[in-house]
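*Asks:* Chain residues, written in single-letter form:
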Amino acid sequence: MSKDTGQKRVAIMVGAGYVPGINAVVAGASLAASNLGWELVGILDGFEGVLHPEKYPSGGLIDINPKLLNMDPNTSSVLGQSSRMDPFNVRTINKDEMVEEVDMSDELMKRLKEKKIDAVISIVGGKGLSILYQLHKKGLNAVCVPRSIENEIASTSVSFGFNTALTFTIDMLDRARLAAKAAHKIAVVEVQGGEAGWIALQAGIAVAADAVLIPEIPVDLQHVATHLKKKMAGKKSWGLVVVAQGAKIINQKKKEEKVSSLKASLSPLATGDSNSEYVIHKSGQAAQAVAEGLQLRIAEETFPMVIGPWVRGGSPSAVDRQLGVTYGAGAIEALKAGGNGVMVAFVPPDIKFVPLAEAINKVRTIPAGSMFLQVADSLSIYVGNKEA
Amino acid sequence: MTNQTNNILDIKGRVLNIQRYCSHDGPGIRTNVFIKGCSLRCKWCGNPESIRLKPEVSYDPKKCEGKKCSICLKKPFPEGAFYFVEGDDSKVKVNWQLAADTTEEMVSLCPTGALEMFGKTMTVGEVMEEVEKDASIYRSSGGGMTISGGEVMLQPDFAAALLQEAHNRGINTAIETACNAPWANLEKVLPHVDTMLHDIKLMNSERHKKWTGVGNERILANFKKAYETFPDIDFIARTPLIPGVNCDDEHILGVLEFIKPHKNVIDYELLPYHRFGLGKYESLGVVYELDDYKTPSDEVVKRFQAMIDKAFGRTTEEK
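Protein sequence lines, in the order shown, are assigned to chains A and B.
Straight run, no breaks: the first sequence in my numbering ends on number 388.
Straight run, no breaks: the second sequence in my numbering ends on number 707.
It should be emphasised that the hints constitute simulated quantities derived from the structure, not laboratory data.
Mixed in with the good hints, there may be bad ones.
[Stated by the list, open to error] Stretches of chain A that chain B covers, calculated by requiring three or more beta carbons in the stretch to come under 8 Å of a beta carbon on chain B:
#1 90 to 97
#2 125 to 132
#3 347 to 361
#4 364 to 374
[What the hints assert, rightly or not] Calculated pairs, DSSO-like style, for lysine-lysine (alpha carbon to alpha carbon, straight line, at most 30 Å):
#5 A:K352 x B:K598
#6 B:K598 x A:K127
#7 B:K613 x A:K95
#8 A:K8 x A:K113
#9 A:K248 x B:K450
#10 A:K362 x B:K456
#11 B:K462 x A:K352
#12 B:K479 x A:K248
#13 A:K115 x A:K138
#14 B:K400 x B:K508
#15 A:K127 x B:K431
#16 A:K127 x B:K463
#17 B:K456 x A:K127
#18 A:K137 x B:K481
#19 A:K229 x A:K248
#20 A:K138 x B:K648
#21 B:K431 x A:K95
#22 A:K185 x A:K231
#23 A:K235 x A:K185
#24 B:K451 x A:K362
#25 A:K362 x B:K450
#26 A:K55 x B:K598
#27 A:K248 x B:K455
#28 B:K521 x B:K481
#29 B:K479 x A:K127
#30 B:K462 x A:K95
#31 B:K462 x A:K362
#32 A:K138 x B:K481
#33 A:K138 x A:K229
#34 A:K185 x A:K229
#35 B:K508 x A:K127
#36 A:K138 x B:K462
#37 A:K336 x A:K115
#38 B:K455 x A:K362
#39 B:K508 x A:K138
For every residue, glycine included, the Cβ atom is placed at its ideal position computed from N, Cα and C.
Looking at chain B on its own, in the form it has when it is part of the complex (with noise of 0.2 Å):
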């Protein structure tokens, strides 16, 4: 994706959305840039949009007209992506086997805008000249620039300058990453970071591998040897916390054991899991694999909440 240049500020990556005035994803007040392509498959992702590295046709049936329109029922749109059910032309249907084909050039002959492209090229100027716009935000607040995903690690060059031209400009820098990929990617990233949220989903390979795709002993290595070279950055682990998956005692404590040796390990948190991708799923014509599971309760998260406050030592009200 990164096109070779000499200036910093032309080069190229997948963004997938740039959200302002975000307040989870690092300190202060934040501005979150979403990159494309992940090298993960979580069964539970609640960004289905934000997994495949090429840029996707998404469809919101609210939004069309239906036959009053038909646009994306003609050329330049590739034959049969997206059809009428007969007797009813509300709204189209989309033939997600042969929408693949749709670009982001078609994408924008439709008026209501019920079909959208996920993921778009940008420059690091172009991005960092949104990010710049709230730097007032950011220095009241101790904020700054958190990319996230996807997978940060896909595109090092692309991230690797974006974080270094926050850096450049002032501007306080985060990842969130699941580390899966060479530490080579690695190495481009790390020096630019300031602190970098990893998920660790599961502690058991071969458990990690069913629910993710791949195993987990790379993706630890990279934590541990991250831990270790980079001693300046703040790390904070999290988990996606899922019934049936890793909502257990057991997988809570395993990441305690593996991040407490490490002092720039300064917090561990816990994402308890939503459904809001749901919808995502059906909007790009997805199947959602993890069908049936539940938002864990407060009370376990509370509990395991408790675990991890009593490891960094510290009461729950600290926290």
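Excised from the complex, chain A in its bound form (with noise of 0.2 Å):
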């Protein structure tokens, strides 16, 4: 890469999911920027600044300056919301009144330049990788900041977001443990990941829990009630649950649902389908759902908790927040560094950047042969791997 130490101007926006500390990489930026006298512009709420500045007071996009690095970890986003928007398939009512989805990344892609922005820092989760790769391949100047809860990034080591997140799932779960001790009762507690289950094994294994169901192994919940069956057949009056909101079901005939008598059908593809497995993934359904289940098949009252978009809340642990910091710096590092089209990774020892074509798709999901399941299994923790 060739380095460039020209002047430039630099926006910086976040995408869709909201993490605790997105300041702290904003900061991060700003002061590497500031130092090499770059400018840098906030992005408001997503591409929303740039394709709808009627908007906002402000034209939709914000002066950042490093004065930011002093403020308070618990202030919201300066970027303002996370947003859905893809520019590729952006939602508008057109001029007969009906609502239809139009591509308007051409659009994007020409007020950016009006606005005289150079690159693009974007802090994104899986999707909004994909979609700056898009965007980079029509010519956009992009480096992402990974973001993440599950950290199913592949591609970094660790995305900001994850920490924070797995430390308070922590937390919550030493209090749900303390709730089923005091009830005599089976907690069930869901937690994020919909496709990797990082955040339900390592916190369930930080609390020893008694099981935790995981997106990447199927799980019969006769097996998971007869694991807790034999760990409370002593004096143990209580369990601990933790489920994946993506965890998968096998061997659980679906829920029927009661069709209308009015109408059977909405929908040609409307068919009730009962596959042997199925994947829960829906927020506070899995807690539900394992909870119904386990209480079927043992004598035990279960509860269902789930912890769900909480997480999204509070400060940044403090991990989270030098993480943050790097990777905002990390971002104007790579663009001086001529770096176009990459993602700041840390990829241990040291922070690279990688390139977006081969970031993207690389999901990070739990081995079956991890040595984390077997760290579980040592603790007496069912993780689905065998029968109990």
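Grab the two chains, each in its own frame, and use the hints to assemble them into the complex.
*Replies:* Next comes the structure, spelled out in structure tokens:
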């Protein structure tokens, strides 16, 4: 990469899915940019600030300066709300007042050029990476900062946001365990993790849960129930089951949805499908389904709890604060080094710049032979890899 | 979508599916023609594959043979659209962002049918060929053809041609619509309709906008104008009942008040919300926005039905 020390005007924005500590990334980028004499501006609400500037008194862009580094980490993101807007599919109401999705990527590129933006730093998760990759292929000078609660972006060892989510989840599981102990019941706690079960497994190990259900290993609730019965055969009168949002259940018939007698089908494809394996993958439903399923199989009472979106608020952990500042400054370093179309990644022991083409589609799930699974097993945590 | 043509049979439209032996969308046994493209974005939509006008790829992992096949990881498929997760090559994963450029020709290369294309271009003649297969059943049951969606009024020339051709062949016609379209579109379609099933989703415009994407002023105005302009059509109002959205007395009474002055509105049907669409959202890589809503209870539905029956001057048993 050729080194570039010319003056630049760089924009920074955040994609869908808020995590605590976005401002740490902004602060890192701001300080590093300032030291180079570069200008840093923030795009409000994802790309909304560029595509719909009329919504904002500021015109959709805000000036960012290094003073932000002194701010309280509890303050909300200076970049506004995260936005699900995909510039290739922007929902609009057309001249006939009909809703449709239109490709506004060319318009976005044009407006960024008009605003004299030389490069965009984007704090994004998996889907956002793909959007930025597409924009980069259209000519956008883009650098991404990986942000994920699940830590499933495989091209970086740690995504920004994961450690905060893990820390909070462990704290909540400790509380759930106390609640379960007090009530002499089994707490079934749903945690984040639609594709990858890292939070569930690592937090489950931290609190020595009785079982951890992750998306990578489909489980039979009968086996979970048998394991719980064994563990609760002595004096223990309570239990703690951690369920990732995307946990897969096998050998359980789906609940039949009752169909209106007035109309059997609203759709050509609206048929009840009773496969032997199914993914729950809806906030709150994983805990509910597992709690109900277990209660049918054991004498003890279960109660579902959902951590869900609570992890998206509050302060960043110490790890995420330093990672955020590092990634933010790293993004500027990438641009300084002439990097374009890259993702800043922590590849121990160093920070690296990974081409977006290599960063997309790399999902880190828990491998079948993972030592984490063996560790869980050694702690008598059922993880669904064998009959209890 | 519609081509300029002199022959009604050659007019083209985008069709999602043709479903035979349907019994809930108009009188008798019917063939439903689902056309693609909708002008609303109802958060509870059970037919996500019908929403967008353009064809869309869908993926059913149950049919995928993974590494053994791998055809979608090579050209001509879009680069990066399909991939394997490290350590698991039993099924491909889809990068929905990049898979949007997948074409019907590419999908036809998938040997197991795991990849499918929603929406294909058909002529009126081709659709009618399928519809006419059950002509004798329509005659014996009093049924016919129903055009559903998506939104019928989004392809008015195609819909009008289909309905007209059905009439030409002596087939009864019905449409299912929410009427969020310019009146000019309705004017093309409605002269060829025997029964119009129309959704009244929310009477409050602000809330209608929140849940469907647009306000309801034009929709209600279209309904009213349709009732008055086309007295021979049998209109049947419908509400998809969603707890927390419109499953309340105020909505039911509001709809009854709206339709009752019009004698050609012959019924008001309730469609209790179900969650069958969920799996389809996953197969299209679309986020389902209405996460945790439940089906309305039987008691609530019965109570609303009794209100409707009373308004139509009949007992529940008669219905």
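*Asks:* Take the hints in turn and mark each one as holding or not.
*Replies:* Here is how each hint holds up against the structure:
Interface restraint, the region 90 to 97 of chain A with chain B: holds (4 residues with C-beta to C-beta distance below 8 Å; minimum three). Counting residues of the region 125 to 132 of chain A whose beta-carbon sits less than 8 Å from any beta-carbon of chain B gives 3, enough to reach three: the coverage restraint holds. Given a C-beta distance limit of less than 8 Å, the hint that chain B covers the region 347 to 361 of chain A holds, as 3 residues qualify and 3 suffice. Coverage of the region 364 to 374 of chain A by chain B holds. Counting CB-CB distances below 8 Å, 4 residues qualify, and the rule asks for three or more.
With a C-alpha separation of about 44 Å, the suggested pairing of K352 of chain A with K598 of chain B is violated against the 30 Å cut-off. The suggested pairing of K598 of chain B with K127 of chain A holds, with an alpha-carbon distance near 25 Å, which does not exceed 30 Å. For the suggested pair K613 of chain B and K95 of chain A, the alpha carbons sit about 21 Å apart, so the restraint of at most 30 Å is met. At roughly 13 Å between alpha-carbon atoms, K8 of chain A and K113 of chain A fall within 30 Å of each other, so this suggested pair holds.
For the hint linking K248 of chain A to K450 of chain B, the alpha-carbon distance of about 14 Å falls within 30 Å, and the restraint holds. The suggested pairing of K362 of chain A with K456 of chain B holds, with an alpha-carbon distance near 20 Å, which does not exceed 30 Å. With a C-alpha separation of about 29 Å, the suggested pairing of K462 of chain B with K352 of chain A holds against the 30 Å cut-off. A C-alpha spacing of about 16 Å is found between K479 of chain B and K248 of chain A, which places the hinted pair at or below 30 Å, so the restraint holds.
Distance check on the hinted pair: K115 of chain A and K138 of chain A sit about 17 Å apart at the alpha-carbon level, within 30 Å; holds. Of the supplied pair hints, the one linking K400 of chain B and K508 of chain B holds, its CA atoms being roughly 10 Å apart against a limit of 30 Å. Between K127 of chain A and K431 of chain B the CA atoms are separated by roughly 21 Å; this keeps the pair inside 30 Å, and the hint holds. With a C-alpha separation of about 22 Å, the suggested pair K127 of chain A and K463 of chain B falls inside the 30 Å cut-off, and the hint holds.
Of the supplied pair hints, the one linking K456 of chain B and K127 of chain A holds, its CA atoms being roughly 27 Å apart against a limit of 30 Å. Distance check on the hinted pair: K137 of chain A and K481 of chain B sit about 22 Å apart at the alpha-carbon level, within 30 Å; holds. Restraint check for K229 of chain A and K248 of chain A: satisfied, since their Cα atoms lie roughly 21 Å apart, inside the 30 Å limit. About 56 Å separates the Cα atoms of K138 of chain A and K648 of chain B, which puts this hinted pair outside 30 Å; it is violated.
Distance restraint check for K431 of chain B and K95 of chain A: the Cα-Cα separation of roughly 22 Å lies within the 30 Å cut-off, and the hinted pair is therefore satisfied. As the CA atoms of K185 of chain A and K231 of chain A are separated by approximately 13 Å, the hinted pair is consistent with the 30 Å bound. A C-alpha spacing of about 13 Å is found between K235 of chain A and K185 of chain A, which places the hinted pair at or below 30 Å, so the restraint holds. Taken as a hint, the K451 of chain B and K362 of chain A pair is honoured in the structure, with Cα atoms around 23 Å apart against an allowance of 30 Å.
Restraint check for K362 of chain A and K450 of chain B: satisfied, since their Cα atoms lie roughly 22 Å apart, inside the 30 Å limit. Under the criterion of a C-alpha separation no larger than 30 Å, the hint pairing K55 of chain A with K598 of chain B is consistent with the structure, at around 18 Å. Restraint check for K248 of chain A and K455 of chain B: satisfied, since their Cα atoms lie roughly 22 Å apart, inside the 30 Å limit. Using a Cα cut-off of 30 Å, the hinted pair K521 of chain B and K481 of chain B is violated, with the two alpha carbons roughly 39 Å apart.
Between the alpha carbons of K479 of chain B and K127 of chain A the distance comes to roughly 19 Å, so the proposed pair stays at or under 30 Å and holds. Proximity of K462 of chain B to K95 of chain A is assessed by CA-CA distance (about 40 Å); at most 30 Å being required, the pair is judged violated. A distance of roughly 17 Å separates the Cα atoms of K462 of chain B and K362 of chain A; the hinted pair therefore holds under the 30 Å criterion. Taking the CA atoms of K138 of chain A and K481 of chain B, the gap is near 24 Å; set against the 30 Å cutoff, the hint holds.
A hinted pair counts as satisfied when its Cα atoms are at most 30 Å apart, and K138 of chain A with K229 of chain A does not qualify at roughly 58 Å. Of the supplied pair hints, the one linking K185 of chain A and K229 of chain A holds, its CA atoms being roughly 12 Å apart against a limit of 30 Å. Taking the CA atoms of K508 of chain B and K127 of chain A, the gap is about 28 Å. The hint holds against a cut of 30 Å. For the proposed pair K138 of chain A and K462 of chain B, the alpha carbon gap of about 22 Å is at most 30 Å, so the pair holds.
Straight-line distance between C-alpha atoms of K336 of chain A and K115 of chain A comes to about 20 Å, which keeps the hinted pair within the 30 Å bound. Restraint check for K455 of chain B and K362 of chain A: satisfied, since their Cα atoms lie roughly 16 Å apart, inside the 30 Å limit. Among the hinted pairs, K508 of chain B with K138 of chain A is consistent with the structure: their alpha-carbon atoms are about 29 Å apart, no more than 30 Å.
Of the hints listed earlier, those the structure fails to meet are numbers 5, 20, 28, 30, 33, in rising order.
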